[in-house]
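Given chain A's structure and the hints, the job is docking chain B onto it.
Chains as they are written, first to last, in UniProt numbering: chain A, 1 to 728; chain B, 1 to 728.
Keep in mind the hints are simulated off the structure, nothing from the lab.
Don't take each hint at face value.
Said to hold, decoys possible - Facing chain B, from chain A, some residues (calculated, C-beta under 10 Å):
(1) Glu66
(2) Val74
(3) Leu88
(4) Val242
(5) Gly243
(6) Asp247
(7) Pro360
(8) Gly382
(9) Glu417
(10) Leu634
Think of the CB as a built atom: it goes at the ideal place given N, C-alpha and C, for glycine as much as any other residue.
Protein chains: 2
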Amino acid sequence: MEPGGDAARFGPGWAARALPQRLMLLLLTLLSGRGLHVAAAASSSSGAAAEDSSAMEELATEKEAEESHRQDSVSLLTFILLLTLTILTIWLFKHRRVRFLHETGLAMIYGLIVGVILRYGTPATSGHDKSLSCTQEDRAFSTLLVNVSGKFFEYTLKGEISPGKINSVEQNDMLRKVTFDPEVFFNILLPPIIFHAGYSLKKRHFFRNLGSILAYAFLGTAVSCFIIGNLMYGVVKLMKMVGQLSDKFYYTDCLFFGAIISATDPVTVLAIFNELHADVDLYALLFGESVLNDAVAIVLSSSIVAYQPAGLNTHTFDAAAFFKSVGIFLGIFSGSFTMGAVTGVVTALVTKFTKLHCFPLLETALFFLMSWSTFLLAEACGFTGVVAVLFCGITQAHYTYNNLSVESRSRTKQLFEVLHFLAENFIFSYMGLALFTFQKHVFSPIFIIGAFVAIFLGRAAHIYPLSFFLNLGRRHKIGWNFQQMMMFSGLRGAMAFALAIRDTASYARQMMFTTTLLIVFFTVWIVGGGTTPMLSWLNIRVGVKEPFEEDQNEHSWQYFRVGVDPDQDPPPNNDSFQVLQGDGPDSAGGNRTKQESAWLFRLWYSFDHNYLKPILTHSGPPLTTTLPAWCGLLAHCLTSPQVYDNQEPLREEDSDFILTEGDLTLTYGDSTVTANGSSGSHTASTSLEGGRKTKSSSEEVLEQDLGVGDQKISSRGTRLVFPLEDNA
Amino acid sequence: MEPGGDAARFGPGWAARALPQRLMLLLLTLLSGRGLHVAAAASSSSGAAAEDSSAMEELATEKEAEESHRQDSVSLLTFILLLTLTILTIWLFKHRRVRFLHETGLAMIYGLIVGVILRYGTPATSGHDKSLSCTQEDRAFSTLLVNVSGKFFEYTLKGEISPGKINSVEQNDMLRKVTFDPEVFFNILLPPIIFHAGYSLKKRHFFRNLGSILAYAFLGTAVSCFIIGNLMYGVVKLMKMVGQLSDKFYYTDCLFFGAIISATDPVTVLAIFNELHADVDLYALLFGESVLNDAVAIVLSSSIVAYQPAGLNTHTFDAAAFFKSVGIFLGIFSGSFTMGAVTGVVTALVTKFTKLHCFPLLETALFFLMSWSTFLLAEACGFTGVVAVLFCGITQAHYTYNNLSVESRSRTKQLFEVLHFLAENFIFSYMGLALFTFQKHVFSPIFIIGAFVAIFLGRAAHIYPLSFFLNLGRRHKIGWNFQQMMMFSGLRGAMAFALAIRDTASYARQMMFTTTLLIVFFTVWIVGGGTTPMLSWLNIRVGVKEPFEEDQNEHSWQYFRVGVDPDQDPPPNNDSFQVLQGDGPDSAGGNRTKQESAWLFRLWYSFDHNYLKPILTHSGPPLTTTLPAWCGLLAHCLTSPQVYDNQEPLREEDSDFILTEGDLTLTYGDSTVTANGSSGSHTASTSLEGGRKTKSSSEEVLEQDLGVGDQKISSRGTRLVFPLEDNA
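Bound-form chain A, shown alone (with noise of 0.2 Å):
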């Protein structure tokens, strides 16, 4: 075991290598049950170049082979296994609205236990029989040719072996059977997690909360990566001191765990918070803080691997070094983010573009091979894949989905929660699991003691100033109970597990994959499991919209969907929306919108309303209204047919934006407001007039009691329609 020293080597591209550990590796079996034997049978039929005189032997092969098949058939089974009894035992719990156990921390459990049936019940077998040793002078290459008797056989390299573990390398079959290549996490497993999580937020809540959210997640993370960096740099100090540190343990290291450990993923308590209904505004922050910070970390973690100058053995700060690791991370992050936004374009364009809306298998098929291409284009491209699908998710749900036909809708959306289910449930199950058949723990109570208090000092350290900050902006202030319970949902998740586990070739890896593991039971069991005492505890509003209480079917069926429609959200009864006027940025009434939100925010806002909807979707004012003049046939080429024609009603993805309840109805943006029983406005909508009058000029407020509270719709007929937050 070479201790750390390979850090160094790590370049921006460092995630593409595997690593010398022989808990080996099975795709293939994760997909298909029929693993590695492909290769490793790949003798049986080649063998018989040597014709009929080795028959027997060739039949000996072919046994063996099929015996790993069945193995790796048996191994993908008991994790569908678990996956079966962890479904049913939620669908129990569920039942039973038991809310203190969340299903991943249930997967968890159950994947512990098999850990341990599997650890120690099964007998270990030693395999290793065929090998055969033949002597290299340099180093090892990648692939190998080896002559046998004048017929070439082709090998690539699987991985070192420590001297010591020669004879008992696959001293359990099973063990090494259930355990998988760490690439597997991330391009197959937490893609469709994090695009899940892209397409589902919550759009209104999200971006009403967006400064917010930036901070918490860009700056928070940052901070806490230091934080915790430098508080473990600590630690590992002490333990020099006191002798517990077998190995080396650089301070890139330590800033590296302080990177993977500040991926937060609040699943727990966000389904309990769904559940409750609680507060969509505090929802909102830990939602968005979680997505992005994963993707934060994500790039984090590589461009402090890619910090340390190769072929130094100096891992102490450098000034240089510094800038050019920052300049690596704006780069994999802006370049990850072009890629996934560009994609979601191209996909809006082409669903907007052809009339592919009426064949909804063809529109679901497209829509799920763009977005996969998202992620092969940024790996191609030498980004990071799994943040591009998370722009690319964000960007579809913005624009593409809008075009969707509304079986379309259902069906991605569908599609991808089974997805993110499974892939979610899978590696919590496999980190269970990997308590017990993960076969180089490195155990240290003082790291572990040490990582605890830092990642709680590394979050205080974040949401409490961050919160002051930003509440000094912000109207709608965030409250001390709401900081209590942002600090409380600190949880650890698969994305902290996953790129722990992608580079566990060194012993500080190693403590770290560990102490990772550990921090994640912790969180997910205690943490998850006290949400629910906490929210009441810190007087956290719940219940804020109950209408299906009464109807369990309907409640349950709601409580499940667990942040995934980013239309779902509950009517708009609790705010008021306000329709800016055109071109001033003062507008009438007792709400002032300008104070809400930053300049920036609201010229991408307008920016977004004004050209890029109406370009990229079915909705939004026609382009020929906001475009100048002198590019009319350009806009009016851009802009969709529906656009005008009244018959198909505008798709709005928006639904917060629309309101249907009352007889309201409300086409937003530049064109109309008609409103059944408005005192007298001049509703001039675009649709019903030919499509060419376009420039509204309706200055009168439409003011129309909903019924619903006592809020009121204050509509000023211009360009902009702006949600406000008035539940403060």
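Frame of chain A; chain B shown alone:
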């Protein structure tokens, strides 16, 4: 290249073995873009063992790994681009109502084009500079331990390389990258296709024609296999005579070719049938035959491989071996069938006895996992996963589907529909690609021409005689035009390709593969394109029911769901229903059921209806009425409360049997026939009368004109409802 000789060494598990081909094999690529480099690049961090001294070398390996990863991503992107293009073109075709080219044909064309570009357009990169030769004496092992200056590395066998090609092994990286492990088809792409086929079986028409379908699938495939095999043996003899055969080609190889090429896949024809709403019985015959005959062909081909006694060099006929082969066929087939059915039944029980239907996501996930586990279970037990999956699909559709919530029904259908669509088009575009990128084609004009003649004769030799014999027993004869259409629809597709590519080690197999590819191309393009003219030329009824003709969207939507919905049959306006009397086989009225169906089938139907459905689903008559009195308690436990409790309407998947038109409510089975305006019939409803007074004794014939055509509903209050064919 070792010719033919290894066909002898295939056991029942032959499928598990990979082949010594250099067209290697990236499953990882298929899924993640992170391919083989995981293994190939392992040297990167392993080599780090040599500490910093070899840092520059490491960096080079690193670069290589990154490069490899990028290439993987690019190759997968190629396929995604292909599929996206296909989808867009299909949309255009559907939009313009072009019917001469099906999406699968299109996928092949695009594949071909990309294949040509890859083959002739990309520069040949020569890799393998990292290789090292190392001499072994005896034979190739599956695992190698290599000692590099005191460190041990593990290598796995990838395959054999023919000596002449050592220097050109990776002559074209791109060609290599786009070539997948053949097992990918069997373990990843075929299962969703086959499951979907089973799940989407239009049960009414399928079961109505079950006898004929079974005859075509089992007898027909066997006959076809035998005839093609013998004809091809003749062709091979001929080739030997004229000196065109450069290597061994045994009789068993010919039979094997007969087996793989007997798997028909009339996907193109069926799509057009569905679009034109051609005769449903013909559709059922074709679809049912093609689905079952895939299963038969798989098992048949592996039985033929097992037929040859191990270690012998003779490939001649041997009675003992033949019976052994038949035994293996029966064993594998019945084993796989049992696996599939059992998993389906377990899923049905789980979904019935838990209230999982409150949580559609959980339900869908469970359904997916259970269906997948069938595959693994069968593979783990040494049966054929694909066949098990087919029967699991049928069982799920027949029982489990009943128990699912409405949302889960559409979710599961849509999920598997998308998977099926993607997998199918992927396979077909891969086929197009393979024609140019596969590097071991053996084009033999005589063999190819012989094969075309043989498959024609082979199909003729079972369609016409079998139809003749079947017509002796069928009331609703299979007309001459139907026979011609079935003859014409003998397309070959994904299954034949997957079986052929599975083993391309020997000369004979390579020739078979090339021929199969050409047959698939020809049949899909020419036969697929000729379907519409053929239908009109043969005077086969189309437009049997075209309710959506006017509405283009709806129509297209309908069109696209090729064989998707188990219960999307047209409303039963062309069928009459007859409720059989309890035990007596004689039924009154003009329709004589017992003539219609075989005794065995009737027995099964009654067993299924009276016992299986009530046990496994929420429908059917209460078990308390069908089971003997002494198992009353058990019956009561097993019977779903829904059966008694009318508040939740009966969940019947057999929408065929429930007439919802007019004001007639036919809650079929033992229980009730309620009809408004029925002529004073004794409507003894179990559900309405408390669930105990069950044995209905109404003998009156309810006759009611449905207003659709002039057929009658003749029902006799009893135990069994039977669909009849009267559209002869």
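Hints, verified against the model:
1. Checking glutamate 66/A against chain B: minimum C-beta separation of about 4 Å stays under 10 Å; hint holds.
2. For valine 74/A, the suggested interface contact is upheld, since its CB lies about 5 Å from the closest CB of chain B, less than 10 Å.
3. The closest approach between the C-beta of leucine 88/A and any C-beta of chain B is roughly 7 Å, which is under the 10 Å cut-off, so the hint is satisfied.
4. Against a cut-off of 10 Å between C-beta atoms, the interface hint on valine 242/A is violated, since the closest Cβ of chain B lies about 27 Å away.
5. At a threshold of 10 Å, the smallest CB-CB gap from glycine 243/A to chain B is about 24 Å, leaving the interface hint violated.
6. At a threshold of 10 Å, the smallest CB-CB gap from aspartate 247/A to chain B is about 13 Å, leaving the interface hint violated.
7. At a threshold of 10 Å, the smallest CB-CB gap from proline 360/A to chain B is about 7 Å, leaving the interface hint in force.
8. Hint status for glycine 382/A relative to chain B: holds, with the closest Cβ pair at about 7 Å, below 10 Å.
9. The interface hint given for glutamate 417/A holds, since its Cβ lies 6 Å from the closest Cβ of chain B, which is under the 10 Å cut-off.
10. With a least beta-carbon distance of about 23 Å to chain B, the hint placing leucine 634/A at the interface is violated under the 10 Å criterion.
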